[in-house]
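J.: Based on the sequences and whatever the hints tell you, model everything.
For the sequence shown, position 621 matches number 621 in our numbering, and the numbering has no gaps at all.
Heads up, a few of these hints could be off.
Think about it this way: if two alpha-carbon atoms lie no more than 30 Å apart in a straight line, the pair counts; the simulated DSS-like pairs of lysine-lysine are [what the hints assert, rightly or not]:
| no. | residue 1 | residue 2 |
| --- | --- | --- |
| 1 | K460 | K537 |
| 2 | K471 | K537 |
| 3 | K192 | K136 |
| 4 | K468 | K537 |
By construction, these hints were calculated from the structure, which means they are not laboratory data.
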Amino acid sequence: MGRKLDPTRKEKRGPGRKARKQRGAEVELARFLPPGKLGLVRPGAASRRPKEKHAVKAAGQTPRGRSGFSDGNSKWLAPAKAKKIPSKGNNVELSSDGEVEEGSWEMEEEDGSSEEMVDDYGASSSEEEELLPIEKAALKQKSDRGGLSEDDSEEEEEEAAAVEEASKQKMGQKEEESLDLQLNLDIDEQFKLPTNEQIEREDILFIFFLPAEPPDLHIIHQRIKGNMEVLQDFVVKREEGRTRQEYLALLRRDMAAYYSYSDFLLMKLMDIFPLPELINFLEANEVPRPVTIRTNTLKTRRRDLAQALINRGVNLDPLGKWSKTGLVIYDSSVPIGATPEYLAGHYMLQGASSLLPVMALAPQENERILDMCCAPGGKTSYIAQLMKNTGMILANDSNAERLRSVVGNLHRLGVTNAVVSNCDGRQFPKVCSCLLWGVLGGFDRVLLDAPCSGTGVISKDPAVKTNKDEKDILRCAHLQKELILSAIDSVNAASETGGYIVYCTCSIMVEENEWVVDYALKKRNVRLVATGLDFGKEGFTRFKDRRFHPSLKSTRRFYPHTHNMDGFFVAKFKKFSNAIPQAQKEPAVEAATPSAVPDTVMEPQLKKKKLEGSKVDKEQKPPQPALKKRRSLQAQRRPLKA
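T.: Structural data, given as structure tokens:
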């Protein structure tokens, strides 16, 4: 059945592309010109002639049609003649079709003595030139396989090249493995704190930025890793005589130098995150968040929008199971903010974290919604989209310049149920009291995206790393407390479908989030309810020496290293009474014991209190009836004066 394979029989292969060698210029000229017309004879050119001519030269005869030089200095003008001496390998000869075959040449003069080859211009070329070791090995290998055919030699050359490349790759892998092993050994060594002199010297270099010895970030990064390992198992790996505070101080200093953060912000972050999670948070802030868009369902569907953008060369995917309108953009061959679909209002460029507050607010159709800090209009348009352009939305912002973008986006996206206002949110209930309660009867839901320090969006604004301090955080917290009380006062607790307030910030500071929410719980008749978001971390109920309301567990925190979105905080309130609770008086502080306070200090204070008490008694005690009657009788008994 079929032909049998004979392993001893080897069929000769035809010449491949590499076998077609390029012919030299002197070989081509030698075929068409007379031999005497060549002016410059290159080394070995005299031997590249047909075999018949070489045979005539070996017999000592002059070929037909050629005469020697006629001048007296012919010996100097005549080029040195070459004699072909066979070697162990193949000889280089001119084949019948003019191609040069491989071989080796040795030049000799006519008298048989071997000298250097000299051309017409006196340039010498010796075959015994200095060669590199790899060239010598190649020549030796070439001479050893002289009996092989040309195709076989080419195959062996390819195999040798492949073997050499594989060996180089193996050597590179071994070097990388040895380098990794060395690094691992360096890391596995016990971490030791630098001395005070080394720290002072590095501080000087870091402050003055000396060009001679700039700070080595690789060394700082390795020191951060070693310090983290020691702090995770401090009892076992710590250095004797060193406290935990020294390790933490060095870690904070190294992270400030490596990630370019201020010392204040790093201290705040170290209070919020555990150390391993803090490194992940800092690393995540160095990478930009994915570009996300929100489909405007007032004009199109997400499936149709995705297909249209894919046809334009956009690589995208659905944002996640938690969003029915979001799309994440990986790369695009067209500007994603200038496509015809964008200009037609089919989608809005919006971060994934900005969708969460509107989802928590859950607006219903035909409701009255207040967006207290609405610029640039992404959340407002999302609310209108969920309400299907029914009801009424009051989009307010205190910055008139930013309201221009709000108006433009609302027109582009086809929102028709929004009213734009420019008012200070803190004075909103007072200024618009007639509109709120006289005409509308209050709002059903309020969204407050409060101004904040921006510590959750460091990847967008790296300047936050260094330009925020304690005063900025407290100033933002004070403003947020005023705004949240104003937002709560704008909501009607008697609303049939609403009575909800959503408070959110793009900050991760406790002073701007849990602290503000706990303040609102104490000042107004509201309670926290579930946000309706299935993911996110719970808010803090205790932070350092502070204790917050237990219901703060229902708030949600979002981090860039955990959820791959900007840092965000979301809390949802339910207002159960429109009455504002009166501030309770603080209990009187008990007086100090007489033994603890000198008598010279106590006596004047007691006398003063007695005098004040007596005056109050005289002023406040009404006159008794018996005393009145007695005074009237005395007045009657007095005789009248003439």
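J.: Does each hint hold? Answer for all of them.
T.: Hints, verified against the model:
{"no.": "1", "hint": "K460 - K537", "result": "22 Å, holds"}
{"no.": "2", "hint": "K471 - K537", "result": "27 Å, holds"}
{"no.": "3", "hint": "K192 - K136", "result": "53 Å, violated"}
{"no.": "4", "hint": "K468 - K537", "result": "25 Å, holds"}
The structure shown violates just one earlier hint, number 3.
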